[in-house]
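Asker: This is what each chain is made of:
2 protein chains.
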Amino acid sequence: MDPKPILMVGSMAFDDLEFPVPTPDAGGALKTSFEDVVGGSATYASLAASAFVPVRVVAVVGHDFPEGTLETMRARGVDTAGVERADGLTFRWKGRYHADLVNRDTLDTQLNVFANFKPKLAPGYGTSPLVLLGNIHPALQLEVLDQMQKPELVVADTMNFWISGEPEILGRLIARTDLLIINDEEARLLSGIHNLAKAAKDILARGPKCLIIKRGEHGSLFFDSEGVFAAPALLLEHVVDPTGAGDSFAGGLLGYLGRHGRYDHGAMRRAMVHGTAAASFCVESVGTLGLRGLSHSHITERVERIRRLTHVGDT
Amino acid sequence: MDPKPILMVGSMAFDDLEFPVPTPDAGGALKTSFEDVVGGSATYASLAASAFVPVRVVAVVGHDFPEGTLETMRARGVDTAGVERADGLTFRWKGRYHADLVNRDTLDTQLNVFANFKPKLAPGYGTSPLVLLGNIHPALQLEVLDQMQKPELVVADTMNFWISGEPEILGRLIARTDLLIINDEEARLLSGIHNLAKAAKDILARGPKCLIIKRGEHGSLFFDSEGVFAAPALLLEHVVDPTGAGDSFAGGLLGYLGRHGRYDHGAMRRAMVHGTAAASFCVESVGTLGLRGLSHSHITERVERIRRLTHVGDT
Numbered sequence: 001m002d003p004k005p006i007l008m009v010g011s012m013a014f015d016d017l018e019f020p021v022p023t024p025d026a027g028g029a030l031k032t033s034f035e036d037v038v039g040g041s042a043t044y045a046s047l048a049a050s051a052f053v054p055v056r057v058v059a060v061v062g063h064d065f066p067e068g069t070l071e072t073m074r075a076r077g078v079d080t081a082g083v084e085r086a087d088g089l090t091f092r093w094k095g096r097y098h099a100d101l102v103n104r105d106t107l108d109t110q111l112n113v114f115a116n117f118k119p120k121l122a123p124g125y126g127t128s129p130l131v132l133l134g135n136i137h138p139a140l141q142l143e144v145l146d147q148m149q150k151p152e153l154v155v156a157d158t159m160n161f162w163i164s165g166e167p168e169i170l171g172r173l174i175a176r177t178d179l180l181i182i183n184d185e186e187a188r189l190l191s192g193i194h195n196l197a198k199a200a201k202d203i204l205a206r207g208p209k210c211l212i213i214k215r216g217e218h219g220s221l222f223f224d225s226e227g228v229f230a231a232p233a234l235l236l237e238h239v240v241d242p243t244g245a246g247d248s249f250a251g252g253l254l255g256y257l258g259r260h261g262r263y264d265h266g267a268m269r270r271a272m273v274h275g276t277a278a279a280s281f282c283v284e285s286v287g288t289l290g291l292r293g294l295s296h297s298h299i300t301e302r303v304e305r306i307r308r309l310t311h312v313g314d315t
Numbered sequence: 001m002d003p004k005p006i007l008m009v010g011s012m013a014f015d016d017l018e019f020p021v022p023t024p025d026a027g028g029a030l031k032t033s034f035e036d037v038v039g040g041s042a043t044y045a046s047l048a049a050s051a052f053v054p055v056r057v058v059a060v061v062g063h064d065f066p067e068g069t070l071e072t073m074r075a076r077g078v079d080t081a082g083v084e085r086a087d088g089l090t091f092r093w094k095g096r097y098h099a100d101l102v103n104r105d106t107l108d109t110q111l112n113v114f115a116n117f118k119p120k121l122a123p124g125y126g127t128s129p130l131v132l133l134g135n136i137h138p139a140l141q142l143e144v145l146d147q148m149q150k151p152e153l154v155v156a157d158t159m160n161f162w163i164s165g166e167p168e169i170l171g172r173l174i175a176r177t178d179l180l181i182i183n184d185e186e187a188r189l190l191s192g193i194h195n196l197a198k199a200a201k202d203i204l205a206r207g208p209k210c211l212i213i214k215r216g217e218h219g220s221l222f223f224d225s226e227g228v229f230a231a232p233a234l235l236l237e238h239v240v241d242p243t244g245a246g247d248s249f250a251g252g253l254l255g256y257l258g259r260h261g262r263y264d265h266g267a268m269r270r271a272m273v274h275g276t277a278a279a280s281f282c283v284e285s286v287g288t289l290g291l292r293g294l295s296h297s298h299i300t301e302r303v304e305r306i307r308r309l310t311h312v313g314d315t
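Note that the protein sequences, when read in sequence, are chains R and Y. Counting along the first sequence from 1, when you hit position 10 you're at 10 in the working numbering, and nothing is skipped either side. Counting along the second sequence from 1, when you hit position 42 you're at 42 in the working numbering, and nothing is skipped either side.
Quick caveat, the hints were computed from the structure, so don't treat them as lab data. Heads up, some of the hints might be wrong.
Repeated chains share a single entry, so a pair holds when one copy, or any two copies, can fit it.
[As the list claims (entries may be wrong)] Distance condition first, Cα-Cα at most 30 Å in a straight line; then the derived DSS-like pairs of lysine-lysine: (1) 94 <-> 31; (2) 94 <-> 150; (3) 150 <-> 4; (4) 201 <-> 150; (5) 198 <-> 31; (6) 120 <-> 198; (7) 31 <-> 201; (8) 118 <-> 209; (9) 120 <-> 209; (10) 4 <-> 120; (11) 118 <-> 198; (12) 150 <-> 209; (13) 150 <-> 118; (14) 4 <-> 31; (15) 209 <-> 198.
Starting from the given sequences, assemble the full structure and let the hints guide the process.
Answerer: This is how it looks when you write it as C-alpha cells:
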C-alpha cells in the first residue's frame, strides 16, 4: 500500500543550549554552549517521520530562520508550503542541562513570531490521513483539527502549562484525539493520580483511544483497551543532547503508522519501537544533526537492537 | 534435573515503616505507620527463592525475632539451621517513604545483634552450588565465600556505604563474583561514570562475568559479554511497600537459575523476568506478606504478563 502522508503542526525554533560537559559540534569541535541551534517540535518530528512517509508541516518562522533547513526538509520529502515566514524573529528557547543530561532549566523563552501564530493549512493539507498536533495552545490544536477532513488518526502532544492553564479546552481536544502522547509527569498532573497504571485508565476514560506515556531514558508505555506495552529506551553510550527526543519519537512513531496504514494494538507496539529508534539518533548529536541524514534502514537496524534488548526467549 | 540449592547470607530484621498514604495491614485495617514488620534481605530473598528451590540461610536474629517467621520459611523448604539466635535485639531499620513510594528517608538504624555478626555456615552449606552474598560488609561476604567449596555461581549485592567506605575489600569481592547486582546509583558511584552503558563496561572489566543494574519501578538491566537485556517492571495498580523488592528480585532470579541449573546469557534473561515477577508480589503488600504463600505457578503467571508487556511482534 501507499505510504500515508502526515500533517504536522508545531514549533520551528532556535535553541540556545548549555551542556554539563564539552560536546562536539557538527565540525567536531568541543563546546559547552551552543547558540542558534535549529530546533522546534515540528522540525524534529518532520525530520524523523520523513524517513518513512511524506510529511506536511504547518509552522511559523521568522526572517532569521535558515532557508537551508527548509531545503534539507524538502529534500527529505517534507512539504514546507505550510511554513509561514513571518516578519520578525523566530521562536527561541534557551536551556541548561543538568549533569544527568535529563533534567534541564529553562533560562529564557522568546515567543517572537510564534506569539501570533495562527496555523493555516496549505492547499491539500486538509485531507492528510494522519495528523500530529504538536505541543501548542490546545485552542490552536483544535483549530487545525477543525480544518481537517476526517483524518484516520489524530495524535496530540501537550504539556504541563496547558494542563494546568487550559484544562477545559485541553479536555475537548483530548476527547477528539485518537492517541495522546505525554510524559509521566504530565500524566500524573492531568489525572491527579501518581500510579501510572491508574493514571492511564483515568486518561483513557476522557476519550482518547490510546495513550503513550514517555519516561525519557526509561522508555515509554503504551495503553489501550487491549493492554499495555513497554518500550525500552536503547542503552546508548553517547548521549549528548536530549532536546527533541520526544518529538523525534512521535515523528518516527507516526511515520511507521503512516507507512503501514494500520492503527491496531500490534501496529502501535511496532510503531513505538520505531519511534524509540528515531529518538535514539536524535540524542546522539546536538540539535537535528542526527536526523538530517536519517534513512529508513538506519531505523530498522536500531529496531532490531531494541527487539534484542527485551527478547526473553523460551525456557 | 534436580533443583540446585542456594546458600543465602544477609540480614533478618524488623522494619518500622511510614507510608505517605493509609495502607492495609494483614487484617485489612488501614494505617500509615507499621512497626515490627519482619524484613531483612535474607528473609525477602529466601522467601522468594523458595518458590523455586531449597534455600539455606546464614543470618543472625535476636531473642525477639518471631519463631513463626522461621517456621513459615521452613515450611517453604528454607533450611534455617544457619540462622543464629543471639542474645540481644534483632537488627532494626526505620524508614519513611516519600509520596512517590520510591524515595525514602532512613530515620533510624539499630544494628543490635547484627553488629557482631560473624557468618557461620551450618553443616552441609559449604557445598551449595549457588550462593547469594547479600548486602553486608564485603569482608564478611569474602569470609562466606572462603568457606564455600567451588560454588557454580557466586552472586553479590552491595551498597553505597561499602562502595565508598571499603573500596579495596569490595574490589576483591567483585573480582570473585560471577554476577554483581546493584542499583543505578551504586553503578554510577562504583564506576565514577554517569552513562550506564559505559559504567557497566567499566564494572565488568573488574572481574564479574555479568552485572545487573536495578532501576526500581523502571525495571532492570543485565550486562555480559554477549550483550544487554532490559527487563521491564510490571505496571502494578497497587504498590504499597517497596521494601525488600530488590531482595525478592535477587531471590526469584537465583531461584530460577538454581531450578534450571544453567547460567548462560539466555538463562539470565529468563531469570531476570522471574526475579521481576517475584518482586512484583513483594511490593503489593506490607513486609513479606506477599511472599509467604508465593508459589511457582503464581510467578510463571506473572512472567507471562511481563513477556506480553514487551512483546513487539512481527510487521
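Asker: If the cutoff is 30 Å on CA atoms, where do residue 31 and residue 201 land: within, between, both or neither? Let me know, please.
Answerer: This pair counts as between: shortest inter-copy Cα distance 26 Å, intra-copy 44 Å.
Asker: For the identical chains here, do residue 150 and residue 118 meet the 30 Å Cα criterion within one copy, between copies, both, or neither?
Answerer: Only inside one copy: residue 150 and residue 118 sit 21 Å apart there, 73 Å across copies, limit 30 Å.
Asker: Can you give me the call for residue 209 and residue 198, within, between, both or neither, at a CA distance of at most 30 Å?
Answerer: within (16 Å within a copy, 39 Å between copies)
Asker: Quick one: residue 120 to residue 209, C-alpha cut-off 30 Å, is that within a copy, between copies, both, or neither?
Answerer: Classified as within: same-chain Cα gap 27 Å, cross-chain 59 Å, threshold 30 Å.
Asker: Treating 30 Å as the Cα threshold, decide for residue 94 and residue 150: within, between, both or neither.
Answerer: neither (37 Å within a copy, 58 Å between copies)
Asker: Within a copy, between copies, both or neither: which one fits residue 150 and residue 4 at a CA-CA cutoff of 30 Å?
Answerer: This pair counts as within: shortest intra-copy Cα distance 14 Å, inter-copy 62 Å.
Asker: Are the CA atoms of residue 4 and residue 120 at most 30 Å apart within a copy, between copies, both, or neither?
Answerer: within (21 Å within a copy, 69 Å between copies)
Asker: Check residue 150 against residue 209 for me: Cα-Cα at most 30 Å, and say if that holds within a copy, between copies, both or neither.
Answerer: For residue 150 and residue 209, the Cα distance is within 30 Å only inside one copy (16 Å; across copies 56 Å).
Asker: From the Cα coordinates, with 30 Å as the cut-off, is the pair residue 120 and residue 198 best called within, between, both, or neither?
Answerer: neither (37 Å within a copy, 47 Å between copies)
Asker: Is the C-alpha distance from residue 94 to residue 31 at most 30 Å within one copy, between copies, in both cases, or in neither?
Answerer: Close inside one copy (16 Å), not across copies (47 Å); limit 30 Å.
Asker: Pop the pair residue 118 and residue 198 into one bin, within, between, both or neither, using alpha-carbon distances up to 30 Å.
Answerer: neither (36 Å within a copy, 46 Å between copies)
Asker: For residue 118 vs residue 209, is the C-alpha pair at or below 30 Å within one copy, between two copies, both, or neither?
Answerer: within (28 Å within a copy, 59 Å between copies)
In the structure shown, a violation is registered for the earlier hints numbered 2, 6, 11, 14, in ascending order.
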